Amino acid sequence: MNKKPILTILGGVDKDGVPEPIRSVEVSPGEILGIVGPTGSGKSTLIADIEQLAQGDTATGRTILIDGVKPDACTRVDPRKKLVSQLSQNMHFLADMNVEDFLQMHARSRGKAECLSEKVIELANTLTGEPIAPHCPLTVLSGGQSRSLMTADIAVISDSPVVLIDEIENAGIKKQEALELLAGEGKIVIVVTHDPMLALMAARRIVIRNGAMTNIITTSANEQHVCNKIVEVDNWLMSLRETIRRGDIVEDMA
Amino acid sequence: MKLVVLAGTQGSGKTSVLLHVIKVLVRDGNKPAVVKVDCLWTDDDQRFDRLNIPVRVGLARDMCPDHFTIYNTEEMLKWAEAEGADVLLNETAGLCLRCAPYPDKCLAICVIDVTTGPNTPLKVGPLLTTADIVVMTKGDIVSQAEREVFRERVLDVNPDCMVVEANGLTGKGASEIAELIEAGMNVCDNIVLRHTPPLAICSLCTGETRIARKHHMGVLRQMDGFTEYRGE
Ligand SMILES: Nc1nc2c(ncn2[C@@H]2O[C@H](COP(=O)(O)OP(=O)(O)OP(=O)(O)O)[C@@H](O)[C@H]2O)c(=O)[nH]1
Ligand SMILES: [Mg+2]
Ligand SMILES: [Zn+2]
Chain S
1 MNKKPILTIL GGVDKDGVPE PIRSVEVSPG EILGIVGPTG SGKSTLIADI
51 EQLAQGDTAT GRTILIDGVK PDACTRVDPR KKLVSQLSQN MHFLADMNVE
101 DFLQMHARSR GKAECLSEKV IELANTLTGE PIAPHCPLTV LSGGQSRSLM
151 TADIAVISDS PVVLIDEIEN AGIKKQEALE LLAGEGKIVI VVTHDPMLAL
201 MAARRIVIRN GAMTNIITTS ANEQHVCNKI VEVDNWLMSL RETIRRGDIV
251 EDMA
Chain Z
255 MKLVVLAGTQ GSGKTSVLLH VIKVLVRDGN KPAVVKVDCL WTDDDQRFDR
305 LNIPVRVGLA RDMCPDHFTI YNTEEMLKWA EAEGADVLLN ETAGLCLRCA
355 PYPDKCLAIC VIDVTTGPNT PLKVGPLLTT ADIVVMTKGD IVSQAEREVF
405 RERVLDVNPD CMVVEANGLT GKGASEIAEL IEAGMNVCDN IVLRHTPPLA
455 ICSLCTGETR IARKHHMGVL RQMDGFTEYR GE
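Those sequence lines, one after another, are chains S and Z. If you're matching positions, the first sequence starts at 1 in the working numbering and goes up one per residue. If you're matching positions, the second sequence starts at 255 in the working numbering and goes up one per residue.
Source of the hints: derived by calculation from the structure; they are not laboratory data. Keep in mind the model is a prediction, meaning the values are calculated, not measured. Think of the CB as a built atom: it goes at the ideal place given N, C-alpha and C, for glycine as much as any other residue. One should not assume that every hint holds.
Among chain S residues calculated to face chain Z with C-beta under 7 angstroms, some are [as the list claims (entries may be wrong)]: (1) 88; (2) 95; (3) 98; (4) 101; (5) 105; (6) 106; (7) 150.
Computed cross-link-like contacts, EDC-like style, restricted to lysine to aspartate or glutamate with a CA-CA straight-line distance of at most 20 angstroms [what the hints assert, rightly or not]: (8) Z:277 x S:16; (9) Z:285 x Z:340; (10) Z:277 x Z:337; (11) Z:359 x Z:329; (12) S:112 x Z:340; (13) Z:277 x Z:340; (14) S:81 x Z:414; (15) S:119 x S:180; (16) Z:377 x S:96; (17) S:112 x Z:406; (18) S:119 x S:177; (19) S:112 x S:159; (20) Z:359 x Z:433; (21) Z:377 x S:101; (22) S:70 x S:96; (23) S:81 x Z:410; (24) S:81 x S:159; (25) S:70 x Z:340; (26) S:119 x S:130; (27) Z:285 x Z:410; (28) Z:285 x Z:298; (29) Z:277 x S:57; (30) S:81 x Z:406.
When you get a sec, could you build the whole thing from the sequences and use the hints?
What follows is the structure in structure tokens.
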């Protein structure tokens, strides 16, 4: 794992070119930061700015600093030095390869040992109800399997100190466990979401409107309490889903 | 005058990326001109026209599009000069994967679509292996892991190239490419090709239509790889 940096987002302009109200956001190692706002408001654009470590050279004019300074060109492009891993909205793989070969090649591109592929598959199988086999072609994986595999891949192979997540809730995967797995070991996790549970698991959340960061909300004690309730409901739904999948009868309200 | 040759398979995103690059070049005070070479038809010139820069189209028709590009490079440079340009951007058709239209003193850019899968870099040939910059497009459609695997495959076949992840829709990567163009060298007289085009003249090239093997002459290659010269 790379050293644990502090990430700073310096504000740029909104969709009309007007400077955005929030001028600077500092994110520390171990923090989960939410990004919320209406569809099309520019949440994914903020994620993209962070992913490419924008230096005033993207449409928003934002600048991303690492430990208070501009990252060098190599850090921006070389996967071996990449500070940022990304779990994108794209739920399916297009590569015509099997799971094991793909993971081994990905490990190689990140300068890691190829045998890590086994660990990725093992971990992915703890996040999804549908087991993934090493020789399974990538293209036939379900949405939930793909998401689980991408999540485990980020935790084990990419292992960058900053993790970006775009709309994880749309997949059949154990959300809370996935988020905790990714947030492990002092990583910064930035999650775009409409999902109340994920948004409230974050310590703070940035509100986006018309392409601009307009507000930062700190999760209150009351909101954390609500979050715990949602986690209980979510676990209950997940267990019901497992019961149905097994072909069993649902007994009671538990 | 700087020469940029942009090659890549059909629909890989050459024009989309180039449109963003041109905006940056113009903003920085450069004077780009564009020549689009295609085989039979193109409407790329209409897309470039909207940027109010000199645009010209060349259709290769019966000629190999790469051979056509090479044969007309001198004329394109003269035209760009006369138009008052200081950078000639040449978007090619890039269909013939045996040839590559890159002169030595140009910036050779190969545009490749990541959604075509990680085996594609192995199939593209000199177009990719002799390029200075390899631009990966459509990364928005695949996962980060898939982009990284693709990048590794590109570096396997062209270890010295610079890989740029670009997006034809959002303009990601355009300023990086523009910077590389601005830092590039000027063309001079007596430029030569980087890659020797293959010797490929056979009787089919001169109008033979009968399929039976006995009618064919020239440099011929069999399914098992055996290559011979048959004829006078
Ligand atoms: N999703 C996505 N689509 C893209 C991207 N770049 C280009 N496209 C789309 O791909 C299609 C082909 O793009 P062009 O720029 O016309 O490709 P080209 O290489 O110039 O095509 P030819 O000149 O016909 O060979 C268009 O529909 C573009 O909108 C990208 O980065 N992401
Ligand atoms: Mg084009
Ligand atoms: Zn050719």
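Each hint, compared with the structure:
For residue 88 (chain S), the interface hint holds, since its Cβ comes within 7 angstroms of a Cβ in chain Z; the closest pair sits about 6 angstroms apart. Proximity of residue 95 (chain S) to chain Z holds as hinted, the smallest CB-CB distance being about 5 angstroms (cut-off 7 angstroms). Because the closest C-beta pair between residue 98 (chain S) and chain Z is about 12 angstroms apart, greater than 7 angstroms, the hint is violated. A hinted interface residue such as residue 101 (chain S) counts as satisfied when its beta carbon comes closer than 7 angstroms to some beta carbon of chain Z; here the least separation is about 10 angstroms, so the hint is violated.
Look at residue 105 (chain S): its Cβ gets to within about 5 angstroms of chain Z, closer than 7 angstroms, so that hint holds up. With 7 angstroms as the threshold, the beta carbon of residue 106 (chain S) comes within range of chain Z, its nearest partner Cβ sitting at about 5 angstroms, so the hint holds. Interface hint at residue 150 (chain S): satisfied, since its Cβ lies 6 angstroms from the closest Cβ of chain Z, which is below the 7 angstroms cut-off. Between the alpha carbons of residue 277 (chain Z) and residue 16 (chain S) the distance comes to roughly 19 angstroms, so the proposed pair stays at or under 20 angstroms and holds.
Simply put, residue 285 (chain Z) and residue 340 (chain Z) have alpha-carbon atoms about 5 angstroms apart, close enough for the 20 angstroms limit, and the pair holds. Using a Cα cut-off of 20 angstroms, the hinted pair residue 277 (chain Z) and residue 337 (chain Z) holds, with the two alpha carbons roughly 18 angstroms apart. Proposed proximity of residue 359 (chain Z) and residue 329 (chain Z) is supported: the alpha carbons are some 16 angstroms apart, at most 20 angstroms. Of the supplied pair hints, the one linking residue 112 (chain S) and residue 340 (chain Z) is violated, its CA atoms being roughly 45 angstroms apart against a limit of 20 angstroms.
Simply put, residue 277 (chain Z) and residue 340 (chain Z) have alpha-carbon atoms about 15 angstroms apart, close enough for the 20 angstroms limit, and the pair holds. Pair hint residue 81 (chain S) plus residue 414 (chain Z) holds up; C-alpha atoms about 18 angstroms apart against a cutoff of 20 angstroms. Distance hint between residue 119 (chain S) and residue 180 (chain S) is fulfilled; the C-alpha atoms sit about 17 angstroms from each other, no more than 20 angstroms. Of the pairs offered as hints, the one joining residue 377 (chain Z) and residue 96 (chain S) holds, with about 14 angstroms between alpha carbons and a cut-off of 20 angstroms not exceeded.
At most 20 angstroms may separate the alpha-carbon atoms for a hinted pair to count; residue 112 (chain S) and residue 406 (chain Z) meet this at roughly 13 angstroms. For the hint pairing residue 119 (chain S) with residue 177 (chain S), the CA-to-CA distance comes to about 16 angstroms; that is within 20 angstroms, so the pair holds. Restraint check for residue 112 (chain S) and residue 159 (chain S): the C-alpha separation of about 10 angstroms stays at or below 20 angstroms, so the hint holds. Taking the CA atoms of residue 359 (chain Z) and residue 433 (chain Z), the gap is about 17 angstroms. The hint holds against a cut of 20 angstroms.
For the proposed pair residue 377 (chain Z) and residue 101 (chain S), the alpha carbon gap of about 19 angstroms is at most 20 angstroms, so the pair holds. Using a Cα cut-off of 20 angstroms, the hinted pair residue 70 (chain S) and residue 96 (chain S) is violated, with the two alpha carbons roughly 38 angstroms apart. In summary, the hint linking residue 81 (chain S) to residue 410 (chain Z) is supported, as the alpha carbons are separated by about 18 angstroms, within the 20 angstroms threshold. Straight-line distance between C-alpha atoms of residue 81 (chain S) and residue 159 (chain S) comes to about 11 angstroms, which keeps the hinted pair within the 20 angstroms bound.
A C-alpha spacing of about 32 angstroms is found between residue 70 (chain S) and residue 340 (chain Z), which places the hinted pair above 20 angstroms, so the restraint is violated. At roughly 17 angstroms between alpha-carbon atoms, residue 119 (chain S) and residue 130 (chain S) fall within 20 angstroms of each other, so this suggested pair holds. For the proposed pair residue 285 (chain Z) and residue 410 (chain Z), the alpha carbon gap of about 35 angstroms is over 20 angstroms, so the pair is violated. For a cut-off of 20 angstroms, the pair hint linking residue 285 (chain Z) to residue 298 (chain Z) stands: about 19 angstroms separates their Cα positions.
Using a Cα cut-off of 20 angstroms, the hinted pair residue 277 (chain Z) and residue 57 (chain S) holds, with the two alpha carbons roughly 13 angstroms apart. As the CA atoms of residue 81 (chain S) and residue 406 (chain Z) are separated by approximately 14 angstroms, the hinted pair is consistent with the 20 angstroms bound.
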